[in-house]
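Chains as they are written, first to last, in our numbering: chain A, 923 to 1591; chain B, 923 to 1591.
There could be a bad hint or two in this list.
Just so you know, same-sequence chains aren't split out, so a pair can sit in one copy or run between any two.
Unchecked claim - Pairs of lysine-lysine residues, derived as PhoX-like cross-links and limited to a Cα-Cα distance of at most 25 Å, are as follows:
#1 K1388 <-> K1014
#2 K1152 <-> K1028
#3 K1152 <-> K1187
#4 K1238 <-> K1555
Please keep in mind that the hints were generated in silico from the structure rather than gathered at the bench. The structure presented is a predicted model; accordingly, all values stated were derived computationally and were not measured.
2 protein chains.
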Amino acid sequence: MATTAAVQPDQNLVKKDAHPFERAQLEGLMTKRFFYTQAFEIYGGVAGLYDYGPSGAALQANIISHWRNHFIIEEDMLELDTTIMTLSDVLKTSGHVDKFTDWMVKDTKNGDIYRADHMVESVLEARLKGDEEARQKEAGAAPAAAAGAAAADDKKSKKKAKAVAVKLDDEVVREYKTILAQIDDYNGEQLAELIKKYDIRAPATGNEVTAPTEFNLMFESNIGPTGQVKGYLRPETAQGHFVNFERLLDFNNGRVPFASAQIGKSFRNEISPRAGLLRVREFTMAEIEHYVDPENKSHERFSDVATLTVPFLPAKVQKSGSTEVQKLTIGEAVQSGMVDNETLGYFIGRIYLFLESIGINTSRLRFRQHMDNEMAHYASDCWDAEIHTSYGWIECVGCADRSAYDLTMHSQRTKRDLMVQEPLKEPKVYQKYVPTINKKVLGPLFKKNAKLIEDTINAMDQDQLKSMQAELEGGKATLKAGGESFEVTKEHVEIEYKTIKESVRNFVPNVIEPSFGLGRIFYALLEHSFWAREEDKERGVLSLPALVAPFKVLIVPISSNEQLSPLARQLSNKLRALGIASRIDDSSATIGRRYARNDELGTPFACTIDFASVSKGTVTLRERDTTTQRIGKVDEVVDVLRQLCEGRLDWKGACQILPAYTGTQDVDA
Amino acid sequence: MATTAAVQPDQNLVKKDAHPFERAQLEGLMTKRFFYTQAFEIYGGVAGLYDYGPSGAALQANIISHWRNHFIIEEDMLELDTTIMTLSDVLKTSGHVDKFTDWMVKDTKNGDIYRADHMVESVLEARLKGDEEARQKEAGAAPAAAAGAAAADDKKSKKKAKAVAVKLDDEVVREYKTILAQIDDYNGEQLAELIKKYDIRAPATGNEVTAPTEFNLMFESNIGPTGQVKGYLRPETAQGHFVNFERLLDFNNGRVPFASAQIGKSFRNEISPRAGLLRVREFTMAEIEHYVDPENKSHERFSDVATLTVPFLPAKVQKSGSTEVQKLTIGEAVQSGMVDNETLGYFIGRIYLFLESIGINTSRLRFRQHMDNEMAHYASDCWDAEIHTSYGWIECVGCADRSAYDLTMHSQRTKRDLMVQEPLKEPKVYQKYVPTINKKVLGPLFKKNAKLIEDTINAMDQDQLKSMQAELEGGKATLKAGGESFEVTKEHVEIEYKTIKESVRNFVPNVIEPSFGLGRIFYALLEHSFWAREEDKERGVLSLPALVAPFKVLIVPISSNEQLSPLARQLSNKLRALGIASRIDDSSATIGRRYARNDELGTPFACTIDFASVSKGTVTLRERDTTTQRIGKVDEVVDVLRQLCEGRLDWKGACQILPAYTGTQDVDA
């Protein structure tokens, strides 16, 4: 299946049976029905901070609840809840204090700040767009209408570069495109060169910008009143797992493989966040750290996913300049070595199944392998689950092999053994050369060089030790260390060929980390679920699966007659007892309007209470996507709803149980 | 029922059938079974920060899940998830920037920092303890043995004052006790006086301390790279509700009463936290903001709790120097006016039922009313649910009437109408005096005083306007404003007696806020659940209800025989399908040891897989508190477990379904 370059939306991937997607319409719905809104809106808002309202919080809670079932409960993972406020030493060790940075530039006149790579990207994209318009004009065609979404986005983001219809040389167009394809890979110096070479200026003012400087993306604070203990808000939950590794291993009776999992808030102090929920300063993550034996990365349940076909975009395809996905089974992907090991493959499969179950359109999902130069400092291999949205392909889940990096670093820094001790069934017996250094003699003789000599000997491999032993047997050995030569004898060091018996194998486990950005998945799901009926383009519908829909059933009394309201409450109580979230809408709006409001909330089903409910004990049941209605006795309808919400019945099945509603067909008008 | 003064544990309230409670033993269990541990332990730890491990995180998740059902789902509350990072302006408006402070002092020589009131408290308590010891020695008695718990606590907290056996004058003892009873009420100046008068010095060194200075308890940070947008980590979730009030009201179709609810992390940068989970820098809160008409604080479901008997400790009893609780029904408490209104009473009842259902011992629970001087700056009335622990009575839930304080403040600051518009069934028609000021004439004549005169007139009540109208009719009126007199005529201001017709009533709703400190409830629950069997004092048992227990069922294969392990997994899958969390313990420990480990995790039930499971398809079922065992076919036992976990069956009932296990009675030895 064809895919497109990042950032550019691909209309081919959008649902064909719906009114064309308009981001501005979705965003309008999001605030109107209070899925989410900018935080501190009445104070003017803060970029990159969003509050989730009742519909959004419920949708998020349902996604989290399913995540917990799908991963933690299903696989007996050890759940953690570790602190957000993190001791600076921990993040120094993990590399975040030094490396978790972005490059920023300042408008030399008004002081506006831009993230350097985003500014370059925005300016070059605008020039390419201008070029395209100029070429179209030249060809006599009308300039392409700007997509509604892009226009809406421009309005919001004053700092984004605007396109002016200026034709570029073909060569320049090629250069710009090459730069854009590699925009994630430039360092500060390279960005400075690009800015100079292409005369890139602050988009809002046209002023020159300063040279790029590094900005650490962690929020900093002081712990306690002394000002001497520095803390950061965690940029990921992972370190909270690693610093507790000893206790986790002990909880698991000392054995690997096992996984810890954590759902919680993390923070990144983005330089200049745009793109709504896709780039935020505070976000909910769900992270799994799966600890495995580095010599055995097989997975007990691999066969559960081996036959699942998944769209892969491996690094070597990207390097060849293509973004064509390869559809392979996970079994094939692991067997061919494209995916390094079973555990990584297993999680790719589980991630795919999770995203599918909550309603992500899998034809807009791909697993893209990181290229060497874009890998995080701790990762040895990484596959991102990318979901296609109107902003292009978005990384929503990272599935990285962090190898032994973090545990090794923390172990070195704290002098704690973050190792697994595996009892060997049969003790391992072998012979090896073992040096014994006589410090009492070595020290006084070599003084300040003694430590250097000792370290050099201890770092020798078996071949070196063997030949040194031979030299020593001959009287003395010459040792090169720190650019100098030293002569040592058996008096200083003795090398024996010993028989070693090991009954325990010690190793630092490797870590496979599936890391979910829940806010991004949440947003992508909303885009994939959103559409508008051709006959009612102004109002949106959110076709969320019942599994995650904020409310499962809307209960609508047909009028404000007092006889109906107790029935509505009774029905609501019955559904609550079954764990089905419902909402009563007894507002004075017309029933059609209440149904439409309901469609906007993504509520899959609606029950209407009318006078037949009083006289005959029946209610009607409406399905959101088809707007068809059926009728039945209250308890029958409740039972059908239970089966629908538990996924044991689809609407077609429901229609076989409940007859069509023919009473007043104009109800839904 | 008799209760004791705060802080002092009351052994009468502790379970009588168990080995005496030892806090150190519980704390040992907490880290050993990884309920929680100090955060960044391998880096030396940070005071006031704790990580929850698998057992603690599961217990916490179960408490939260039940809280969500009991409050949010049951009452259709609007759930929110708002940001932790909070714009400073918002917290300036709410009063936290100016008033959310504690007093601290510094050791003048080594710079150690103490929270001033805690230091005074600790020193005076130590002196009183020393006095008691001295008096006992004088009387020839052996000095009272320090409680294990207190001793363990002292060991940890080097900064706590130590008791030295020195006798005090009777008068001094009285003074100290009076001070300790009021320790929460002193301001900085008063604390300075106490420190001087009683020569209170830094407990660790005996050095003098500096005068108390104010320290704001919020963690501060910068949002974005400019350094110009200041943020704080929220000290409560409440402000996130209030700034979204307009959208919440709209979501509820413009009507009150309704409630918003939020579960999330909050932060307080405590000066010198001790007391484990009871005073921490990062904690999970669950807060409800219930918006009501200030003129009608009745509650639709009040009758649900009206007959519930609850232990109250009203302000007037405390003022009389007593801590005797009054057991009243909530109906009586509201009717007598002791609890101000039905909504406050309703939530007190709901809080009581919630705490009871998760396993809090209600004989160690009381609702204490705040005295005027201890009320938060925003509250007009407040009842705390206090739970008794080895640290004394601990505030775990606050139930405050915040009146219209917050919404009014935010409205004034942002110029947004945070009001409810209630359409009146019948328009309100009445007459009133209305002044019309002629600014064009008033301005040039009175110049800088014009605004003052205008404001004075606009602030007049009906009587004042009436008499001013009479004066104006007589030619001119004299107006006093800002200490001066002004003469005005009809040319400047006209006062008419007009007919007013109002069809909408506008009001700022009042807010009733039940606010839960989940970490404190979590800790209190562990203390109430913990005990040790007389025959096995070294090992603890956590008698957690199945509703919240981290794991409901332990599955124990009796040996490592390969035939048993698939059966264990099958049983685990069956339980999982029913939503029952289980754990398999197939470690090599003896079965008795595995049961004991299980008791320490608070797992209420255990299923043992033995060779009869293979041959006859039976498993045994053990109950944690009684250690009795029953036997049945796998599916029978699973069904009994389901009923037990859903609270539809107790152990006595289970024993009527399943026969006693008589096979190998020494299994549990």
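>> Checking an output row: K1152 and K1028, CA cutoff 25 Å. Within, between, both or neither?
In response: between (27 Å within a copy, 20 Å between copies)
> From the Cα coordinates, with 25 Å as the cut-off, is the pair K1388 and K1014 best called within, between, both, or neither?
Replying inline: neither (40 Å within a copy, 73 Å between copies)
> How would you label the pair K1238, K1555 (within, between, both, or neither) given a Cα cut-off of 25 Å?
Replying inline: This pair counts as neither: shortest intra-copy Cα distance 60 Å, inter-copy 56 Å.
> Which holds for K1152 with K1187 at a C-alpha limit of 25 Å: within a copy, between copies, both or neither?
Replying inline: both (20 Å within a copy, 20 Å between copies)
Taken one by one, the earlier hints fail for this structure at numbers 1, 4, listed in ascending order.
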